[in-house]
Amino acid sequence: MTSLYSYSFLILLLPLLSFAVNGLFLCRKSRKASAAFSVLCAGLAAAYAISVALAFFTNGATPTVAWQFRFLPIVGDFNANIGLLLDPLSVMMLVVVTSIAFFVNIYSIGYMREDMSSGRFFALLSLFAFSMLGLVIATNILQMFVFWELVGVSSYMLIGFWYHKPSAVSASKQAFILTRFADSFFLLGMVLVSYAVKSFDFAALNAVNLKDFASIPLNLGIMVMPASDALTIGAALIFVGGWGKSAMFPMHIWLPNAMEGPTPVSSIIHSATMVVAGVYLVARLFPFMAGAGNTLCIVMVVGAFTAIFAAVIACTQKDIKRILAYSTLSQLGYMMFSLGASRLCDGSINTLGYTASTFHIFTHAFFKCMLFLVAGSLIHQVHTNDLDAMGGLRKKMPFTYIATLIACLAIAGIPPFSGFFSKDEILMTAFQSGHVAVFATGLLTSGLTAFYMFRLFFLAFHGKARSEHTAHAHEDFAMTLPIVCLAVPSLLSGLLAKNIFATKFVPGALPVATAEHLAHATWIPYAAGGMAVLGILIAALFYARPKANIERALDVDNRCKLYKTINHKFYFDEIYYAVVRQFIFRGVAASARFVEDWIIGSLVNATLFVVRKAGALVREAENGYLPFYVGVMIVGVIFWYFVGKLPL
Amino acid sequence: MLQQILFNLIWIIPFLTVLVCVPIANSKVALLKKIHLCSAGIVLMITLFLATNMILDYAPYAGGNAFAMSYLTDFPWLAAISAHYLVGADALTILMLVLAAVIIFTGVLASWRIASGHKVFFGLLQILAASVYGVFMSFDLVLFFVFYEMEALCMYLMIAGYGTGDKDLGGKKLTLTLALGSAMVMAVFLGMYVEGGSWSVFELANVKLPENFQMWAFPVLFMGFAVSSSLFPFHFWSPAGHSAAPTAVSMFAAGVMMKMGAYGCLRIAMYLMPEGAHFWLPYILFFVIFNVCFGPFIAMRHKDLKFITAYSSISHLGLIFLGLCAMTPVALRGASLQMLSHGFLTGLFFATIGMIYGRTHTRDITQMGGLMKIMPFLGVGFVIAGFAGLGLPGFSGFVAEASIFIGSFQNEGTLFRIVTILAILSVTATAVYILQTANRMLHGPVTNPHFKELTDATFEEKIVIVIFVICLLAIGLCPAPFADFLDTSIAPIVSNLTR
Amino acid sequence: MTLLNCLILAFVLFAIGVFGLLTRRHLVGMLISIELMLNAANINFVAFAHFKAADATAGSLFSIFVIAITACEMAVALAILITMYRRHKSLDVNRLEDLHD
Amino acid sequence: MILQNAILPDILLVLFPFIVLALRIFASKHEKLQWYAANIVLFTVFIWQNCLMLGNTQIYLSNWKIDTFGIFMREVFVLGSICALWFAKDYFDHASTGKARLKEFPEFIATMGFATLGGVIVVSANDLITLFIGLELATIPMYALTAWNKKDSEGSEAAVKFILMGSAATAFELFGFSYLYGFAGSLNMPQIATEVAKNASSPLLWISVLFLISGVGFKLTLFPFHTWAPDVYDGAPTPVTALLSVTSKAVAIAFVAVLVFGPFAAVQQTVAPFLALLAGLTLLAGNLGALKQSKLRRFMAYSSISQAGYILVAVLGPETNAKFAIVYYLFLYTFANYLAFFIFGIVGQNRKEDFVSLRGLSKQNLTLAIGLVVALMSLAGIPPLAGFFGKFHLFFAAAETKHYALVTFAVLNNVLALYYYIQVLKAAWIDKPEVEPCALQITCRQKAAVIILMIGVIACGFVPMLANNLFAGLKF
Amino acid sequence: MILGIPFSDIVFYVVAAFMIVAAVVTVVSKNILQSAIFLIATFIATAIVYILLQAEFMAVAQVMVYAGGVVVFMIFAILLTSHLGEESFKVHLPRKFIAGAIAAAFLAIMGKFLIGQPELATATSNASAEASTFGAYALRLLSPGANGFLIPFELISLLLLMALVASVTIAKKDEDKEEK
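Chains as they are written, first to last, in numbering that gives the first Met the number 0: chain A, 0 to 647; chain B, 0 to 498; chain C, 0 to 100; chain D, 0 to 475; chain E, 0 to 179.
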């Protein structure tokens with residue numbers, strides 16, 4: 000077992016190997032070879048990860064650092080390490096990431112079949128897998144930041160994979176810059192926290208008790224405050240990193256736009272793994288954040304608002320991938336507010352939130368990944384993202400249809416599908432936290448989720464084919480296989496893993512009190528299920544009843560203002576554009592350049608001007624007129640009599 | 000002994016190469032190029048060999064304010080003013096030498112296809128090389144200054160003779176501003192000898208120069224050095240000079256010469272005048288704000304690749320100065336790492352820009368587009384440079400910047416805190432202009448049909464890019480050995496700073 | 000007749016020479032003014048020699064030398080003026096206008 | 000050892016004009032003879048002086064003092080004469096554009112010999128009379144030489160300006176001497192020195208300092224007594240311009256050094272602010288004036304004005320360092336300046352002497368172009384060329400007495416200097432000629448001179464220890 | 000002694016006044032030849048002052064070399080170059096004004112400087128009469144000893160020779176025809 004652990008870095012290295020080999024050698028030579036190599040590496044990694052997971056959970060699930068080396072010395076014993084942490088959370092993520100990466104790799108064989116540069120695609124996909132794995136096994140916050148950035152970059156490159164498409168390019172830029180903006184706060188928080196704690200290690204951070212820091216003053220530039228307050232600010236700043244990466248409102252806009260990338264990318268990066276990094280970050284630092292004042296409240300509010308906000312938008316979209324993207328946002332909001340809601344009004348912590356959130360990460364990864372794969376499959380056949388052009392695919396793609404149904408039921412939260420269990424726990428947390436508004440939001444969102452997912456489902460698979468391509472759609476084996484395979488965990492992971500999560504996924508010793516007696520409402524599962532069923536029924540009423548006028552239902556132009564506003568995503572793209580274009584570029588950057596070009600430039604020119612004028616003066620004195628010269632000479636003597644500092 | 004001779008050969012070889020090339024006719028281009036490449040390659044090999052030797056076997060810092068010197072060579076040189084030929088290597092020196100040798104070697108390769116005047120061009124490049132090697136090696140102020148001042152004129156001739164655009168003005172701005180800096184340096188050096196009684200850095204380190212001398216000498220010296228590192232308000236030469244310079248000179252100026260300034264600030268100004276440093280550096284921090292916070296935004300509004308890169312260099316150099324001003328061990332180490340890192344990074348930047356410009360004949364990013372498809376290798380090179388520039392982990396920029404931020408946060412001064420926070424936040428702006436540039440230039444559809452006939456990197460260009468990427472990755476992936484090694488140079492400076 | 004009187008006489012002569020040097024347009028006139036100035040210096044020497052100096056002979060000797068040197072200078076000056084006159088056909092200082100910036 | 004007798008080369012030098020004139024009178028048929036004789040004598044003197052024992056001061060007939068500084072300065076003067084002689088030879092053979100050929104070469108040599116002798120007298124003088132005669136003997140021939148080209152109206156105009164201003168300056172000088180004599184009561188320099196040390200606050204002393212420095216300031220082209228220089232340099236025949244910029248300047252600076260470290264040694268630091276201001280303003284004025292010049296000789300005039308300022312900086316230093324720096328710099332300055340003038344002379348043979356005619360030089364003749372770089376960058380003080388070490392020593396001397404402000408100001412001015420030297424290089428290297436430049440005619444003599452001088456400048460820079468260590472340990 | 004003032008003083012004042020007047024006429028006279036004549040007058044007056052200062056040899060030299068040699072030389076030059084010295088140039092008033100101001104400033108400075116030193120007024124002659132005899136001059140000029148001026152005396156001959164050679168070379172007409 001120790002040897003199993005000590006070689007666990009192979010999980011990390013296999014994708015890296017795949018990236019290096021593909022990127023340097025194979026991608027130009029043979030697309031098939033690169034695909035095969037990539038799938039092989041991903042498969043091996045997944046197998047290794049699962050075996051590590053089995054060994055880990057069967058051996059008591061004690062957190063261990065499997066291996067680590069000193070990356071960057073800071074001062075004395077304060078080092079930045081790169082290591083491999085095995086604890087329930089990271090092992091769970093290892094399994095999720097590797098297995099999803101494996102499936103997506105297989106899927107991509109089919110999806111990228113016609114693309115000439117698929118070698119590059121596989122290389123980048125492997126790079127992403129490597130970075131994501133590095134992120135989840137991080138032993139310290141600096142390592143997390145390192146891989147956090149790498150994940151961002153590989154996401155950037157994959158969104159902009161079709162770099163000849165201007166929309167893809169600008170989407171990739173937007174995604175990177177927005178997350179990078181958030182990351183700068185992460186970095187700031189990290190610097191601040193590590194300065195106070197003198198360590199980057201999660202273990203050290205999570206063991207921080209703010210009371211120990213209350214008496215140490217810390218100068219934050221603007222003001223001097225107790226280090227405990229500074230740490231709270233630090234925790235919030237670190238959360239901002241997760242805020243951006245998980246695309247919480249109002250930094251959410253990059254995620255729907257990121258759907259410009261190839262669909263396998265959306266499936267692995269923008270639904271299952273990378274975007275949950277923000278949640279993962281909060282979960283990883285849960286004890287620290289729990290102790291750090293009201294940080295978790297921010298998390299909760301942000302999460303809850305994003306959940307309902309995204310769900311509302313999702314109800315009006317027609318682009319299949321965008322619907323899924325907003326759905327992802329909404330689900331991420333769930334995970335966030337679940338973590339946030341762990342902190343009760345009295346400051347004690349309800350550990351259920353942590354469990355629920357991590358559980359939802361797990362279940363959501365499978366079904367959302369699969370939904371994206373389905374979407375990709377449809378797009379591949381129909382050659383468009385638009386639901387307008389689909390319909391009636393049930394017969395053409397039966398396996399896909401069934402699998403999609405499972406996934407939709409899972410996400411809607413219908414028992415016994417996986418989503419039900421995790422969502423149930425989340426709602427329970429919200430209820431127990433005592434924040435009624437949050438609980439109501441969660442419940443409402445659950446209904447909306449069921450509605451828009453089944454709206455998508457009905458519009459795509461039921462009714463009549465609404466375009467030429469749809470009529471000739473068929474199933475592709477390489478693409479259907481992973482979908483079918485993923486249907487299994489979508490169906491079962493909730494049932495099977497519920498107990499593991501309940502027992503193993505409890506945060507370690509918390510620096511604040513854990514809540515002891517909490518109200519246990521047995522009606523919540525029913526309420527949640529009921530909302531979901533209600534949503535499904537409404538969807539069926541609008542889009543699946545035989546006489547439904549689909550064209551009219553999809554027509555945006557004749558809708559009311561509110562609908563249009565929602566359909567335009569509350570005009571957030573435009574707001575973003577205005578801020579970036581007008582404020583940053585035309586405002587800040589232009590004025591900086593103005594200062595540089597005109598003020599600094601004219602200072603330099605003024606100096607030159609003065610020098611030139613002085614030179615002209617000297618030369619004009621040489622006017623060739625002898626008496627003038629003589630006069631200057633004699634005046635010179637008088638001049639030096641006064642100026643020469645002689646003791647006369 | 001052999002190694003010591005090799006060490007001294009580092010700066011002698013370039014001069015010898017120039018001498019060897021004097022009788023060769025200008026028309027024998029291939030021979031000239033081969034000779035210069037060989038000479039640059041030999042120097043690179045020597046520096047790598049010596050650096051490896053030193054990294055593998057060095058004594059950890061054991062207290063005191065003396066550098067751990069290797070290959071120390073000392074004999075009287077100018078007896079009338081008791082100046083010595085005093086050269087040697089410690090960690091910082093040898094790493095900077097490697098940087099310089101890499102840049103020179105790649106610079107020769109990057110100039111492989113200049114149109115005419117090879118003999119003079121390469122000759123001047125070798126003199127430049129000798130001067131930077133000399134600067135990093137010498138520990139005698141006179142010797143240091145001789146090497147330090149030597150490069151200014153060569154730069155002018157190379158820029159004005161082989162550059163592009165408004166080359167005369169650019170060359171003059173660069174040369175004269177640098178000359179201004181070295182004039183300030185020279186004035187203080189003379190004063191240091193008079194007050195301290197020696198030209199040797201080692202001996203001066205043990206002398207506490209009078210405080211009233213330090214009060215005026217430190218800012219003059221520091222700003223004098225900072226001129227060549229384009230610290231505000233002396234940064235204006237950098238965009239003008241870089242945009243006019245030929246590729247190799249841009250690489251050299253941004254890659255090595257700008258580091259000479261920072262090196263001097265650290266190694267001479269701060270090491271020898273710590274009291275002045277403590278008094279003045281908080282004020283100099285105000286200048287740093289401009290570099291760090293304004294640089295990226297100005298770059299955002301530029302359309303010329305070299306201007307963008309020049310302002311990017313200005314902001315990165317600002318980070319070095321942030322590290323220096325903070326005066327904590329971590330920040331100083333970060334600053335030294337950033338010197339190395341930025342050298343490689345900006346070398347790669349200017350090399351790829353030069354190669355792209357050599358094909359498209361424009362540096363205006365709005366006129367380019369879709370180049371990734373036509374020249375993927377160069378495109379990838381540029382993107383890698385960009386990512387390294389925005390501080391992506393894995394490349395050396397990140398470890399340097401992280402060290403600087405962490406280190407400067409350890410300085411408890413209010414101003415330092417504010418500037419550190421501003422610096423960290425302004426890192427985003429770097430991402431904005433780099434991505435904007437890369438996207439405009441490389442991505443999207445091919446805008447100019449003439450571009451379709453262009454070719455990708457040639458063999459020697461590929462070597463250039465690969466060398467830089469390897470260097471960036473080497474420091475970025477395992478910075479710990481470098482950082483530990485550098486500590487042997489930083490610790491004595493810190494010990495002086497805290498005396 | 001004191002030393003002061005002699006010195007004052009000398010510098011008044013000198014000042015008159017200066018005035019002449021500045022106002023004269025004829026080159027020979029300027030030379031004449033210069034002669035006045037040199038003469039003033041000579042008076043100084045002799046006066047100092049007479050009133051103050053420990054080594055009186057030296058001062059007077061100096062002025063003899065000055066007279067000789069002045070003669071040389073004037074010889075060269077007049078030779079130059081003659082060449083000048085050959086070229087310019089004039090000795091007007093205002094005609095010296097070819098060389099200027 | 001009779002050869003070690005330092006007076007003998009001086010006597011040979013005194014005989015030098017006589018020999019040349021005698022050959023002119025008695026062997027006027029053999030035109031080359033005077034040239035050879037002049038060369039032989041000058042080289043003999045130069046080599047002889049180089050062989051003299053250094054370090055001990057010898058006084059002959061109470062008025063003729065030969066010390067280390069004197070011997071080195073003699074070498075500078077003789078070296079300058081040799082260069083001028085070589086330069087003038089070709090100039091007399093070819094003349095320059097649009098100007099008549101010069102005549103009377105032997106007389107020219109003799110007059111130049113007298114001027115050289117004047118310099119020697121200045122550094123040997125032990126009393127004020129000798130000093131004054133030396134200064135005049137160094138100056139009056141220059142007036143005549145400036146007017147040597149009788150057919151050139153510019154030459155005579157320059158000479159007129161020169162001699163009128165020079166005589167006025169002499170009057171001031173003499174006034175200064177008279178007050179100094181009045182103050183000290185003696186003409187003997189050591190006696191004056193003791194008197195100065197005793198009674199340093201007397202106004203008579205200081206007014207004499209003012210007049211003396213103003214008077215010599217004319218010859219040294221100090222601000223604001225420099226006004227004659229551009230016009231005279233521009234109008235004079237090129238060899239005379241070169242001679243003016245080197246020998247004449249060297250004489251004047253020697254005069255200042257002799258005074259400051261001789262009679263005024265005790266009050267050197269009291270005079271220092273005055274000298275510092277003079278030096279600072281002079282080099283600023285020279286540098287500013289040269290910024291936008293387009294005529295080569297005017298340009299060299301401004302350049303040499305600023306060089307005078309730089310040299311004056313050293314006078315503020317302690318004696319040994321200052322004299323060493325001055326001597327060292329003058330050597331290098333002679334090399335570099337003559338190198339530049341040789342090149343300008345070659346270019347000026349059939350073109351106008353301005354920047355435009357330098358265009359295309361790097362394509363036409365790389366050796367000359369490199370020579371130009373070497374010369375001008377040495378003057379600008381760029382290492383590793385000799386001029387840098389020279390300037391470094393000058394500044395070093397002043398820094399030793401803690402005149403940091405002046406040193407800083409001077410080194411900052413170097414930036415301006417670099418700017419205008421670069422302008423020349425730009426013309427020679429970068430600018431494209433508008434019309435195809437006509438071919439250059441270079442004689443072997445010119446080529447040899449350019450190469451020798453170039454090697455001199457580069458070698459003194461690359462191996463400064465050779466030149467530098469020679470001086471080490473000497474007492475001036 | 001007249002009115003309590005020694006005779007020599009009265010002579011001095013009269014001569015000084017004359018000298019100043021002559022000098023002023025020298026510089027302001029319109030006719031250049033007239034200036035030269037008045038210059039001679041100034042020089043002769045100077046010679047008288049020298050006699051008063053017991054420097055008889057100086058006075059002789061002054062009259063012989065200066066008045067007799069240099070000025071006559073000058074007059075020759077004037078006559079050579081201008082037709083009987085008729086040539087006169089108008090000078091603008093501002094220039095005279097500025098020149099006067101500069102000269103006055105000079106006067107003021109020197110006056111303030113000299114009058115500020117009372118010890119100059121009280122200095123009395125302490126030199127022995129032998130010091131300025133012809134014999135004393137000759138001894139000093141020819142003495143090779145401690146305070147002799149043998150070397151300058153020899154050097155002045157070089158200077159004269161140089162002046163001769165140079166001025167002859169410059170002033171003589173070229174053999175070949177001058178182009179007009």
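Please keep in mind that the hints were generated in silico from the structure rather than gathered at the bench.
Where hints are given, some of them may not hold.
[Unchecked claim] Calculated pairs, DSSO-like style, for lysine-lysine (alpha carbon to alpha carbon, straight line, at most 27 Å): (1) Lys164(A) x Lys451(B); (2) Lys207(B) x Lys31(A); (3) Lys32(B) x Lys401(D); (4) Lys207(B) x Lys401(D); (5) Lys362(D) x Lys644(A).
[Claimed, not checked] Short, incomplete list of chain A residues facing chain B, as computed with Cβ under 7 Å: (6) Arg69; (7) Leu71; (8) Val74; (9) Val168; (10) Lys172; (11) Leu186; (12) Asn218; (13) Gly220; (14) Met222; (15) Gly586; (16) Ala588; (17) Ala589; (18) Glu595; (19) Val603.
Even glycine gets a Cβ: it sits at the ideal position worked out from N, Cα and C.
Checked hints:
1. Lys164(A) x Lys451(B): With Cα atoms ~17 Å apart, Lys164(A) and Lys451(B) stay inside 27 Å; holds.
2. Lys207(B) x Lys31(A): violated (70 Å)
3. Lys32(B) x Lys401(D): Not satisfied, since the Cα-Cα distance of roughly 49 Å exceeds 27 Å.
4. Lys207(B) x Lys401(D): holds (17 Å)
5. Lys362(D) x Lys644(A): violated (52 Å)
6. Arg69: For Arg69(A), the interface hint holds, since the closest Cβ of chain B sits about 5 Å away, which is under 7 Å.
7. Leu71: At about 5 Å, which falls below the 7 Å cut-off, the nearest Cβ of chain B leaves the hint on Leu71(A) intact, so it holds.
8. Val74: Holds. Min distance 5 Å.
9. Val168: At about 4 Å, which falls below the 7 Å cut-off, the nearest Cβ of chain B leaves the hint on Val168(A) intact, so it holds.
10. Lys172: holds (5 Å)
11. Leu186: holds (5 Å)
12. Asn218: holds (6 Å)
13. Gly220: holds (4 Å)
14. Met222: With a closest approach of 9 Å, the Met222(A) hint is violated.
15. Gly586: Given a least distance of 10 Å, the restraint on Gly586(A) is violated.
16. Ala588: holds (4 Å)
17. Ala589: holds (6 Å)
18. Glu595: Cβ of Glu595(A) sits 5 Å from chain B, so the hint holds.
19. Val603: Nearest chain B Cβ about 5 Å off; hint holds.
Checked against the numbered hints listed earlier, the structure breaks hints 2, 3, 5, 14, 15; every other hint is satisfied.
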